[in-house]
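Colleague: Here is how the chains run, residue by residue.
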Amino acid sequence: MSTTNNIAQARKLVEQLRIEAGIERIKVSKAAADLMSYCEQHARTDPLLVGIPTSDNPFKDKKPCIIL
Amino acid sequence: MGEMEELRKEMENLKDQITAARKTFQDSTLQEAAAGVTVVGRVQLKTRKTLRGHLAKIYAMHWGTDSTLCVSASQDGKLIVWDTITTNKVNAIPLKSSWVMTCAYAPSGNLVACGGLDNMCSIYNLKGKDGNVKVMRELAAHTGYLSCCRFLSDTEIITSSGDCTCVLWDIETGTQKTVFAGHQGDAMSLGVSPDFKYFISGACDFTAKLWDIREAECRQTFGGHESDINAIGFFPNGNAVITGSDDATCKLYDLRADQELLTYQDSSIMCGVTSLAPSKSGRLLLAGHDDFNVNIWDMLKAERVGVLAGHDNRVSCIGVSSDGMACCTGSWDSFLKIWN
Numbered sequence: 001m002s003t004t005n006n007i008a009q010a011r012k013l014v015e016q017l018r019i020e021a022g023i024e025r026i027k028v029s030k031a032a033a034d035l036m037s038y039c040e041q042h043a044r045t046d047p048l049l050v051g052i053p054t055s056d057n058p059f060k061d062k063k064p065c066i067i068l
Numbered sequence: 069m070g071e072m073e074e075l076r077k078e079m080e081n082l083k084d085q086i087t088a089a090r091k092t093f094q095d096s097t098l099q100e101a102a103a104g105v106t107v108v109g110r111v112q113l114k115t116r117k118t119l120r121g122h123l124a125k126i127y128a129m130h131w132g133t134d135s136t137l138c139v140s141a142s143q144d145g146k147l148i149v150w151d152t153i154t155t156n157k158v159n160a161i162p163l164k165s166s167w168v169m170t171c172a173y174a175p176s177g178n179l180v181a182c183g184g185l186d187n188m189c190s191i192y193n194l195k196g197k198d199g200n201v202k203v204m205r206e207l208a209a210h211t212g213y214l215s216c217c218r219f220l221s222d223t224e225i226i227t228s229s230g231d232c233t234c235v236l237w238d239i240e241t242g243t244q245k246t247v248f249a250g251h252q253g254d255a256m257s258l259g260v261s262p263d264f265k266y267f268i269s270g271a272c273d274f275t276a277k278l279w280d281i282r283e284a285e286c287r288q289t290f291g292g293h294e295s296d297i298n299a300i301g302f303f304p305n306g307n308a309v310i311t312g313s314d315d316a317t318c319k320l321y322d323l324r325a326d327q328e329l330l331t332y333q334d335s336s337i338m339c340g341v342t343s344l345a346p347s348k349s350g351r352l353l354l355a356g357h358d359d360f361n362v363n364i365w366d367m368l369k370a371e372r373v374g375v376l377a378g379h380d381n382r383v384s385c386i387g388v389s390s391d392g393m394a395c396c397t398g399s400w401d402s403f404l405k406i407w408n
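So the protein lines, in turn, are chains A and B.
Take the first sequence: its letters are residues 1 to 68, numbered as in our numbering.
Take the second sequence: its letters are residues 69 to 408, numbered as in our numbering.
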């Protein structure tokens with residue numbers, strides 16, 4: 001019966017919301033600080049951010065200059 | 069009061085509780101916290117390689133963990149495994165169904181998977197004894213299209229579907245281990261956490277959900293988008309989630325604070341986001357759009373710091389290699405491009 005299904009579905013939604021309401025949270029200031037810290041710590045090893053010297057770039061063709 | 073009415077009341081109460089709890093922990097904003105951080109300088113990436121070979125729209129691509137090979141799926145009915153450095157096609161796999169919407173590379177490099185309007189996830193063994201690539205398993209049970217798939221290992225894969233569910237499969241037996249139900253709209257995209265314990269899904273109900281794989285439950289739900297979420301990914305440390313939507317914005321949600329931290333939007337960007345990928349440090353967010361471009365954002369400052377313009381049609385997929393050395397874009401123009 002569709003009414004029984006609706007109630008069953010509503011019960012599931014309530015159960016799910018209970019789980020989500022009960023989780024532990026941390027302050028946004030801490031979350032933000034951790035994200036910023038991670039970015040800073042890994043900036044130097046982020047090739048797209050700092051750029052890649054030609055000699056280290058496997059995707060760049062290293063053709064020697066030919067002097068005509 | 070009937071039970072239905074009571075349940076509805078309780079739902080509203082719990083939703084209010086969640087909103088209130090989130091506010092309690094909102095002692096600041098990422099914007100305030102990052103006020104002293106200098107915006108990243110203009111990012112100008114160049115096309116280093118163009119992978120030519122597909123004869124129709126490319127719908128998906130995924131890097132192998134070696135940062136050299138990648139797999140792409142096109143509605144020309146082929147999966148192609150490319151060596152992105154030489155641009156050689158390592159494998160060209162003909163598919164039973166050409167209506168493919170997603171593909172994935174197993175972390176081991178041994179398997180690739182794909183699926184689409186056939187509602188199935190097909191697993192292919194790249195390292196078969198006789199050298200031929202064959203279908204190893206066809207995972208069938210979804211009652212809607214396969215929108216995304218990601219391997220946990222050679223024995224387990226997670227799929228998302230137009231039937232609104234995500235499923236964890238046992239590849240060896242070809243059976244469903246867990247069905248993750250909860251989305252009220254097509255599940256469009258999924259991402260696995262760096263520690264393989266969680267996955268996130270984005271759906272046409274405008275929400276993103278965080279799922280505990282082993283406990284088989286949804287832990288958190290994030291709203292805020294005003295349209296379908298097409299793309300989703302984890303911030304590299306696994307503590308935050310980035311979503312991309314048809315509402316033309318991307319959003320950053322922190323998992324431990326359980327709330328949205330930033331929205332990446334610009335009045336000049338009016339086309340939906342189709343795909344996204346963070347750079348290795350997480351500082352850059354690359355987002356592919358329907359307007360043929362990829363926008364590059366400073367993730368902490370929410371400022372656009374670059375654009376990748378080079379495709380002649382919608383950018384449908386994007387990925388940054390594990391070593392962070394390159395970004396690959398795939399497009400409806402049938403080409404893949406490697407940028408750095």
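One or more hints might be untrue.
When the alpha-carbon atoms are kept at most 20 Å apart in a straight line, the in silico EDC-like pairs for lysine to aspartate or glutamate are as follows [unchecked claim]: (1) Lys-348/B x Asp-314/B; (2) Lys-12/A x Asp-359/B; (3) Lys-114/B x Glu-15/A; (4) Lys-12/A x Asp-280/B; (5) Lys-27/A x Asp-263/B; (6) Lys-30/A x Asp-95/B; (7) Lys-60/A x Asp-391/B; (8) Lys-12/A x Asp-231/B; (9) Lys-348/B x Asp-84/B; (10) Lys-195/B x Asp-222/B; (11) Lys-83/B x Asp-56/A; (12) Lys-348/B x Asp-34/A; (13) Lys-12/A x Glu-74/B; (14) Lys-77/B x Asp-34/A; (15) Lys-12/A x Asp-95/B; (16) Lys-202/B x Asp-280/B; (17) Lys-369/B x Glu-15/A; (18) Lys-245/B x Asp-273/B; (19) Lys-348/B x Asp-56/A; (20) Lys-12/A x Glu-283/B; (21) Lys-91/B x Glu-80/B; (22) Lys-12/A x Glu-73/B; (23) Lys-60/A x Asp-134/B; (24) Lys-114/B x Asp-359/B.
Covered stretches of chain A (chain B as the covering partner; in silico rule of three or more C-beta atoms under 8 Å from a C-beta of chain B) [unchecked claim]: (25) 6–13; (26) 25–39; (27) 44–58.
Worth flagging that the hints you see were computed from the coordinates, not collected in a lab.
On a predicted model such as this, the values are computed, not experimentally measured, just so you know.
Idealized CB from N, CA, C, for every residue including glycine.
Colleague: Check whether the Cα positions of Lys-12/A and Glu-74/B lie no farther apart than 20 Å.
Modeller: It holds: about 14 Å lies between the C-alpha atoms, which stays within 20 Å.
Colleague: Given the hinted pair Lys-12/A and Asp-359/B, is their alpha-carbon gap at most 20 Å?
Modeller: violated (40 Å)
Colleague: Could you grab the alpha-carbon distance between Lys-348/B and Asp-34/A and see if it respects the 20 Å cut-off?
Modeller: Holds, at roughly 16 Å.
Colleague: When you check the alpha-carbon spacing of Lys-245/B and Asp-273/B, does it fall within 20 Å?
Modeller: violated (25 Å)
Colleague: When you check the alpha-carbon spacing of Lys-369/B and Glu-15/A, does it fall within 20 Å?
Modeller: violated (37 Å)
Colleague: Is the hinted pair Lys-12/A and Asp-231/B satisfied, with a Cα-Cα distance of at most 20 Å?
Modeller: holds (18 Å)
Colleague: So is the stretch 25–39 of chain A in contact with chain B by the C-beta rule, three or more residues under 8 Å, or is the coverage claim wrong?
Modeller: Check passed, 14 qualifying residues.
Colleague: Count residues of the stretch 44–58 of chain A with a Cβ under 8 Å from any Cβ of chain B, then say if the count reaches three.
Modeller: Holds, because 8 residues of the stretch 44–58 of chain A bring their Cβ atoms closer than 8 Å to Cβ atoms of chain B.
Colleague: Does Asp-95/B sit within 20 Å of Lys-12/A, going by the straight-line distance between their CA atoms?
Modeller: violated (32 Å)
Colleague: For the pair we were handed, Lys-202/B and Asp-280/B, check the Cα-Cα distance against 20 Å.
Modeller: Between Lys-202/B and Asp-280/B the Cα gap is close to 32 Å, so the pair fails against 20 Å, i.e. violated.
Colleague: Given the hint that Lys-77/B pairs with Asp-34/A, does the C-alpha gap stay at or below 20 Å?
Modeller: violated (37 Å)
Colleague: Are the Cα atoms of Lys-348/B and Asp-84/B separated by 20 Å or less?
Modeller: Cα-Cα ~37 Å, so violated.
Hints 1, 2, 3, 5, 9, 11, 14, 15, 16, 17 and 18 from the earlier list are contradicted by this structure; the remaining hints agree with it.
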